[in-house]
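In the order they appear, the protein sequences are chains P, F, H and B. Numbering-wise (our numbering), the first sequence opens with residue 685 and increments by one. Numbering-wise (our numbering), the second sequence opens with residue 685 and increments by one. Numbering-wise (our numbering), the third sequence opens with residue 685 and increments by one. Numbering-wise (our numbering), the fourth sequence opens with residue 685 and increments by one.
What the hints contain is simulated information worked out from the structure, not anything from laboratory work. As the structure is a computational prediction, the values presented were derived from the model and not from experiment. A hint or two may mislead.
[Claimed, not checked] Reference excerpt, derived from the structure (chain F facing chain B, CB under 8 Å, subset only):
#1 Ile718
#2 Trp719
#3 Leu756
#4 His794
#5 Ala800
[Claimed, not checked] Below are the BS3-like pairs computed for lysine-lysine, each with C-alpha atoms no more than 27 Å apart in a straight line:
#6 P:Lys864 with P:Lys694
#7 H:Lys887 with P:Lys887
#8 B:Lys694 with B:Lys864
#9 H:Lys887 with H:Lys694
#10 P:Lys887 with B:Lys864
#11 P:Lys887 with F:Lys694
#12 H:Lys887 with B:Lys694
#13 F:Lys864 with F:Lys694
#14 F:Lys887 with B:Lys887
#15 B:Lys867 with B:Lys694
#16 H:Lys864 with F:Lys887
#17 F:Lys694 with F:Lys887
Even for Gly, the Cβ is constructed at its ideal location relative to N, Cα and C.
Chain by chain, the residues run as shown.
Number of protein chains: 4
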Amino acid sequence: MTDAPTDETKQAVAAARERVAALHGELVRYGLVIWTGGNVSQRVPGTDLFVIKPSGVASDDLTPENQVVCTLDGVPADGWGNAHGPSSDTAAHAFVYRNMPEVGGVVHTHSTYATAWAARAEEIPCVITAMADEFGGPIPVGPFAIIGDDSIGRGIVDTLAGHRSRAVLMQNHGVFTIGKDAKDAVKAAVMCEDVARTVHIAKQGGELVPIAADDVDRLFDRYQNVYGQNPEGAMR
Amino acid sequence: MTDAPTDETKQAVAAARERVAALHGELVRYGLVIWTGGNVSQRVPGTDLFVIKPSGVASDDLTPENQVVCTLDGVPADGWGNAHGPSSDTAAHAFVYRNMPEVGGVVHTHSTYATAWAARAEEIPCVITAMADEFGGPIPVGPFAIIGDDSIGRGIVDTLAGHRSRAVLMQNHGVFTIGKDAKDAVKAAVMCEDVARTVHIAKQGGELVPIAADDVDRLFDRYQNVYGQNPEGAMR
Amino acid sequence: MTDAPTDETKQAVAAARERVAALHGELVRYGLVIWTGGNVSQRVPGTDLFVIKPSGVASDDLTPENQVVCTLDGVPADGWGNAHGPSSDTAAHAFVYRNMPEVGGVVHTHSTYATAWAARAEEIPCVITAMADEFGGPIPVGPFAIIGDDSIGRGIVDTLAGHRSRAVLMQNHGVFTIGKDAKDAVKAAVMCEDVARTVHIAKQGGELVPIAADDVDRLFDRYQNVYGQNPEGAMR
Amino acid sequence: MTDAPTDETKQAVAAARERVAALHGELVRYGLVIWTGGNVSQRVPGTDLFVIKPSGVASDDLTPENQVVCTLDGVPADGWGNAHGPSSDTAAHAFVYRNMPEVGGVVHTHSTYATAWAARAEEIPCVITAMADEFGGPIPVGPFAIIGDDSIGRGIVDTLAGHRSRAVLMQNHGVFTIGKDAKDAVKAAVMCEDVARTVHIAKQGGELVPIAADDVDRLFDRYQNVYGQNPEGAMR
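Chain P with its partners taken away, still in its complex shape (with noise of 0.2 Å):
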């Protein structure tokens, strides 16, 4: 049914197993992910399918070589090598895939402060201009959803579809973030720990002083655009 793949897509996705499996070690590095907890995906850019960490993996033994290719059903992909099973949530980054075409990364954690943030379902207010910068204005909510369905990829897009944020909190659970590739989505993930960390110890110590809306506008916006020349800032 399928043709053999040109070498040029033999090159896409080695390069985005390396980006993956280098990627998650940034989970590791900031803290992010304990045992075989956490994920990373990339699109493969200008084909159906996407690279994804596999499933009960641990952290130390991640390569290039065991990340797993899948099409946007979310299925292991054929010929292309895959030893292990995908990891538990690829599901869920399937269902953005399909639904967000924009989207060329998305990463997956628990994170400690935004699980948090999680538990209570309360978002998080942008006080602080780097959540500005990043986000755009609070991290929103997401819904409570159950892994087995489309349920949980459902609530991801219906909360960032429109939404400046590229994280969301899934209620009880813990955090999705996207990004133009997985570099982008992980930075989100860095970032989104951050200021939940950052925000809910400033809350614990009094009222937070708020940020105007417009000034919130003019540094997202400042961020974007005016910083258009780094890629980093630019999914949207």
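We have chain P already, so just place chains F, H and B on it with the hints.
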């Protein structure tokens, strides 16, 4: 009285010693223990022996060779070249092995957040899906018990027998976890501290959103059974 | 217009580049920055130049060579082989150097606890002796100011001029510190986060015990003068 | 005035220098000190000397050779090749050695959680068994005292003399710990911060469950005596 051990037993003991020494490193990596604290043990399959960390040896100095081989009475076994005394918590580990035949590994730590819940004798409520997956509900509190007889071991067994949780918060003391082997018990210790921290922080920020009991059941059931091909989730 | 630089200037620039790159590593070591965040700069003694971190380069990729040499107007200086754009906060650093001739180094971070105080626009009270030694009293809050003109730089100078503190919490933003050189400013950034954390935690637990104003004066005076043979404590 | 040191004294001094330099690394490993902060000292057995960390030397640059040999008056001793000034807290260490002959090691830090309790002048209540084992009850608060005379040393001795605890929280300042040797005092510093953190977090979450006084006594007694073959638990 005892016959000379078979080669198979020798290999099983050597493998358990290697395993226990290596897994202690995971307690260090995840910040669950300090100084000479914490202990890991593993039952030697097919024997009446288990292997446990030596007492008072610093983490950097733990080797497969200095792990202590004990009988199920919690005393060092003859003929195994034990050069150190076993962990001061050996009696509690032994009590668990004698009374819970399905248990193959035991871990004890004073990890910060779990011990903080224990100092209030407060169970950790199940408000995040990872906790439903892993522990199937709240993490329970065991009795106040003092070292020196079977009361700690009895408190662990009384609390965990028939409970979904593989972790118990011993009041004013710390955490004990059980598993099908030492790795499974270490995973439970790592996850227990992680949820203890996340739920503590969530609760500091305001009201927690509960997860409905039947959703907890569905999550636990799926994680233990649907993922049953994964040997890590299947003690019971 | 500009004469060719003397060998002495060349050496001073090279030394400053090495210093700034190395000192950024201290921000990473103490957990004050994530991803490409934070910036260190140092005035080049005997010139109208300063050296600052490049924009958008990951911490692992910072080298002496890629640090950017700028004029006191905050633009890259010709003839120094600048291969990257300077930090997006360069205008604020330049404003400080133009208006505070005694300052030889500037640091900016979004370190967690300091930024949390900034999100409440609340100064850090001086309740520990290390803070009296280092900052001579509370760490003050500067105005809310948005990137893009001189308002951040002006806010820093207006707050710190005539103040004992070498650190200012810019409202809803983060911390700027100054020093006699970059190392001194980095030390101030490290100490600022440390006291921000300690005093936050102290305050969460109940009422703080103040230090009498004349004791703060004695501590500051001694640390700055009696220890005057130590060049690190002597900016003013 | 002084006779030339015997070979035995030379060896004892060299051993103490090595010990003090290495043990400072434990303060770094456990996150108890930043920058050039914190100090460890050890009495040289059989002499009127002790060895202490040099002043203002970064942790990375500490070597056995640059540790400072002092007399019990707290001044550098002649003939020992001292190349640096001793820690600025040397007078307090010396006062302890002069007045508590059973003490062989002293440690001082501004570790975060212990200092937070000190900023409220609040003793740490004994609500976890590890604290009963190690400190035999609450960790007490010493007076507010300013560097420059004997008042810090006197405050330490007045608070700890006749007390089970080897740690004292000096009000608005930080922690001093004592031990039979430097390693024992470092252990006390590590454990003190650990219990300061755990009990702080426990208390933030609600009401603490006390441990009955006679249970504290039993735990302390057992740890100090039954485990008496372990030389670490036996200062008194």
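Compare the structure with the hints numbered earlier in the document and write down the numbers of the violated ones, lowest to highest. Failing hints, ascending: 3, 9, 10, 11, 12, 16, 17.
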